[in-house]
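S.K.: Chain B: place on chain A using the hints.
2 protein chains.
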Amino acid sequence: MTAVERLQRLFLQSLETGFSEPEWNRQPDRLYAPQRYILGMGGKRLRPVLSLMAAEALGARPEIALPAAHAVERFHNFSLIHDDIMDEAPVRRGKPTVHTQWGLNTAILSGDALLVMAYESLRSLPATVLPQALEVFNRTALEVCEGQQWDMDFEIDPEVQEGQYIQMIRYKTSVLLGCALELGVLAAGGSLTIGKALYAFGLELGTSFQIHDDILDAFGDPVLVGKQVGGDILSNKKTILWIHLSTQQPHLVNEWMNDRSAEKVEAIKTAMVQSGSLAHAEAKRKYHFDLALEALRQAQQEGCSTQDLAELAHWIFQRKA
Amino acid sequence: MTAVERLQRLFLQSLETGFSEPEWNRQPDRLYAPQRYILGMGGKRLRPVLSLMAAEALGARPEIALPAAHAVERFHNFSLIHDDIMDEAPVRRGKPTVHTQWGLNTAILSGDALLVMAYESLRSLPATVLPQALEVFNRTALEVCEGQQWDMDFEIDPEVQEGQYIQMIRYKTSVLLGCALELGVLAAGGSLTIGKALYAFGLELGTSFQIHDDILDAFGDPVLVGKQVGGDILSNKKTILWIHLSTQQPHLVNEWMNDRSAEKVEAIKTAMVQSGSLAHAEAKRKYHFDLALEALRQAQQEGCSTQDLAELAHWIFQRKA
Numbered sequence: 001m002t003a004v005e006r007l008q009r010l011f012l013q014s015l016e017t018g019f020s021e022p023e024w025n026r027q028p029d030r031l032y033a034p035q036r037y038i039l040g041m042g043g044k045r046l047r048p049v050l051s052l053m054a055a056e057a058l059g060a061r062p063e064i065a066l067p068a069a070h071a072v073e074r075f076h077n078f079s080l081i082h083d084d085i086m087d088e089a090p091v092r093r094g095k096p097t098v099h100t101q102w103g104l105n106t107a108i109l110s111g112d113a114l115l116v117m118a119y120e121s122l123r124s125l126p127a128t129v130l131p132q133a134l135e136v137f138n139r140t141a142l143e144v145c146e147g148q149q150w151d152m153d154f155e156i157d158p159e160v161q162e163g164q165y166i167q168m169i170r171y172k173t174s175v176l177l178g179c180a181l182e183l184g185v186l187a188a189g190g191s192l193t194i195g196k197a198l199y200a201f202g203l204e205l206g207t208s209f210q211i212h213d214d215i216l217d218a219f220g221d222p223v224l225v226g227k228q229v230g231g232d233i234l235s236n237k238k239t240i241l242w243i244h245l246s247t248q249q250p251h252l253v254n255e256w257m258n259d260r261s262a263e264k265v266e267a268i269k270t271a272m273v274q275s276g277s278l279a280h281a282e283a284k285r286k287y288h289f290d291l292a293l294e295a296l297r298q299a300q301q302e303g304c305s306t307q308d309l310a311e312l313a314h315w316i317f318q319r320k321a
Numbered sequence: 001m002t003a004v005e006r007l008q009r010l011f012l013q014s015l016e017t018g019f020s021e022p023e024w025n026r027q028p029d030r031l032y033a034p035q036r037y038i039l040g041m042g043g044k045r046l047r048p049v050l051s052l053m054a055a056e057a058l059g060a061r062p063e064i065a066l067p068a069a070h071a072v073e074r075f076h077n078f079s080l081i082h083d084d085i086m087d088e089a090p091v092r093r094g095k096p097t098v099h100t101q102w103g104l105n106t107a108i109l110s111g112d113a114l115l116v117m118a119y120e121s122l123r124s125l126p127a128t129v130l131p132q133a134l135e136v137f138n139r140t141a142l143e144v145c146e147g148q149q150w151d152m153d154f155e156i157d158p159e160v161q162e163g164q165y166i167q168m169i170r171y172k173t174s175v176l177l178g179c180a181l182e183l184g185v186l187a188a189g190g191s192l193t194i195g196k197a198l199y200a201f202g203l204e205l206g207t208s209f210q211i212h213d214d215i216l217d218a219f220g221d222p223v224l225v226g227k228q229v230g231g232d233i234l235s236n237k238k239t240i241l242w243i244h245l246s247t248q249q250p251h252l253v254n255e256w257m258n259d260r261s262a263e264k265v266e267a268i269k270t271a272m273v274q275s276g277s278l279a280h281a282e283a284k285r286k287y288h289f290d291l292a293l294e295a296l297r298q299a300q301q302e303g304c305s306t307q308d309l310a311e312l313a314h315w316i317f318q319r320k321a
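Chains A and B supply the protein sequences, listed in that same order. Here the numbering used here is used: position 275 in the first sequence is 275, and no number is missing along the way. Here the numbering used here is used: position 79 in the second sequence is 79, and no number is missing along the way.
Same shape as in the complex, but just chain A:
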């Protein structure tokens, strides 16, 4: 069993125990059922695993970081509930989204309550680190909201630069990975230097991860990814691939703008290869991955045991889905 699997298991066990705790049995059930539903949907549990692994990397028992792990996982799922409303997404992981299942109002409200419960997890951290943990968590939470607002603004903005795009995905996705790690360090009583180094590791790994997502959406193996590829291309989503291609071949991108056919996906993918957009995205993915490993080396120099984190990073980098 790898470290990732062991920590996933530890987290899932505490999640199940948590489901029988008083707070999950509060009334009215309509408010709490959607939270149990989305938290029970599965997934890699990457964020909580990062918190637990950071604590272990400092020589502490991973259990000490469980409050941090639940805080970031609850926050992540709160943001999924509300993002799915904003994106009008009907399905997540093959199941109806919360607003599809329970309606708009309960989706807004159970998301709100889940955000509060993220802070309730955080409260279980040692009192000595609570002010600092709140600072990291609040800043991250605001940035995630800002990232989502930018993402929506970009849909109607005709000219999005790559730099703006990178900043958007960092806020929307990467900062929470950094936060998960820094909270794990805080929980284990680690130094500020290690906290900042592992935050940077998470930030860069998350950026690489999100660029990877963009690439897989267009060029992944449909069997492995588990869905038809090309969704981003069909909806003209301003991914790093799209932004690059539209600077290289603006006319081509414009021609296909209002098309939603399979031919469009093939034509755009071919152009992305020929124009070097795919190679450009792959280079950026590798670049941010290397920055992540560099941050990890800094943490190691400060006495942090980084082997499991490095393994996790390589697992993330090599994923096919």
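Watch out, some of these pointers could steer you wrong.
A few chain B residues that don't get close to chain A, going by computed Cβ distances all over 10 Å [unchecked claim]:
#1 Arg-26
#2 Glu-120
#3 Asp-213
#4 Leu-216
#5 Ser-246
#6 Asn-258
#7 Glu-263
#8 Ser-275
#9 Ala-279
#10 Arg-319
Partial selection, computed: residues in chain A whose CB lies under 7 Å from chain B [what the hints assert, rightly or not]:
#11 Asp-29
#12 Arg-30
#13 Asn-105
#14 Leu-109
#15 Asp-112
#16 Leu-134
#17 Leu-142
#18 Gln-148
#19 Gln-149
#20 Trp-150
#21 Glu-155
#22 Val-225
It should be emphasised that the hints constitute simulated quantities derived from the structure, not laboratory data. C-beta: ideal position from N, C-alpha, C; glycine also.
M.R.: Using the frame of chain A, we list chain B on its own:
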């Protein structure tokens, strides 16, 4: 100038200063403009005044409770943004609601960010009281969400009992008043006993306040209230008046159910007077007000200077709008 006016002014001054702080100038502006908009709408600022007054009642400078005051005011306004979406309310205080002005998605997201900023205010409390402040705040926040869910559930529930209704308004409205006071006590380094006594004062005052709101909606002076009365009657809202009348005259209530005329308002109001529903609601309003004063006496016995709080309570009790 009364104590209430003085503390309102203190809060408003710090609100204006806060507007020029870095956090309010963050980007994207679409996320923060709605927050400035709703926080600038005005109102009695009852919740922050309660926090400041609680600190003063303990002999502390009111400024020490400003983090608590901003936390409860931000939380209150976050809940207004999201409640207005759920209630499909087009107007608040004579202005377009946030979702009317900026759309659903930005209303959800700027509400989320305002909830995070409530926690960011809380973080400025002394580190020694932060864990306890978070406990009070989180519990209250969950209860407010639960109250809102109950309120929505009651719309489609044909049989709502008075006890359920009282519990709903306590969660939706009163607990935040109690929380505002208890946080003020914590900020000033007050005892647990005083904290709990002032919490109880706020809880009962809030309950009396909400029953008063129900009464004013039907029997208030339209000139003083600033709007046509009878809105709750037209929409068959299950207020304490409606619940009482429907047990006394179920046939009458049923007859008018699908009517939305001015005659309905007059007929139901007359029935509410004749059936004793109005007298019943007035008695309950007085009952919870007396419980509030009793809690205040307990706080006084513990050395708390309760004169301003008592004056505020009487001001609230005697309001005509």
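S.K.: Could you run down the list of hints and mark each one as holding or not?
M.R.: Evaluation of the provided hints:
Under the 10 Å C-beta cut-off, the non-interface status given to Arg-26 of chain B relative to chain A is violated; the minimum distance is some 7 Å. For Glu-120 of chain B, the condition that its CB be more than 10 Å from all CB atoms of chain A is violated, with the nearest at approximately 5 Å. At roughly 21 Å from the closest C-beta of chain A, the C-beta of Asp-213 of chain B stays outside 10 Å, upholding its exclusion from the interface. With a least CB separation of 26 Å from chain A, Leu-216 of chain B remains clear of the 10 Å interface cut-off, as annotated.
The Cβ of Ser-246 of chain B sits about 22 Å from the closest Cβ of chain A, beyond the 10 Å cut-off, so the non-interface label holds. With a least CB separation of 23 Å from chain A, Asn-258 of chain B remains clear of the 10 Å interface cut-off, as annotated. With a cut of 10 Å on Cβ distances, Glu-263 of chain B stays outside the contact zone with chain A, its closest approach being about 32 Å. For Ser-275 of chain B, the requirement that its beta carbon stay farther than 10 Å from each beta carbon of chain A is met, with the minimum near 30 Å.
For Ala-279 of chain B, the condition that its CB be more than 10 Å from all CB atoms of chain A holds, with the nearest at approximately 31 Å. The Cβ of Arg-319 of chain B lies farther than 10 Å from every Cβ of chain A, with a closest approach of about 29 Å, so its non-interface assignment holds. The criterion of a C-beta within 7 Å of any C-beta in chain B is not met by Asp-29 of chain A, whose closest approach is roughly 9 Å, and the hint is violated. Taking 7 Å as the C-beta cut-off, the interface hint given for Arg-30 of chain A holds, the closest approach to chain B being about 6 Å.
Given hint, Asn-105 of chain A at the interface with chain B, holds; its Cβ is 4 Å from that chain's nearest Cβ, closer than 7 Å. With a cut of 7 Å, the hint placing Leu-109 of chain A at the interface with chain B holds, because the nearest CB-to-CB distance is about 6 Å. Hint on Asp-112 of chain A holds. Least Cβ distance to chain B is approximately 6 Å, under the 7 Å limit. A least Cβ separation of about 5 Å between Leu-134 of chain A and chain B falls short of the 7 Å threshold, and the interface hint therefore holds.
Checking Leu-142 of chain A against chain B by beta carbon gives a least distance of about 5 Å; that is within 7 Å, so the hint holds. Below 7 Å, beta-carbon pairs count as interface contacts, and Gln-148 of chain A has one with chain B at about 6 Å; its hint therefore holds. Taken as an interface hint, Gln-149 of chain A checks out: its beta carbon lies about 4 Å from the nearest beta carbon of chain B, inside 7 Å. At about 6 Å, the closest approach between the beta carbon of Trp-150 of chain A and any beta carbon in chain B falls short of 7 Å, and the interface hint on this residue holds.
Interface restraint check: Glu-155 of chain A against chain B, minimum CB-CB distance 10 Å, threshold 7 Å, status violated. Here the hint on Val-225 of chain A is broken, as its CB sits about 27 Å from the closest CB of chain B, past 7 Å.
Violated hints, in rising order: 1, 2, 11, 21 and 22; the structure is consistent with all others.
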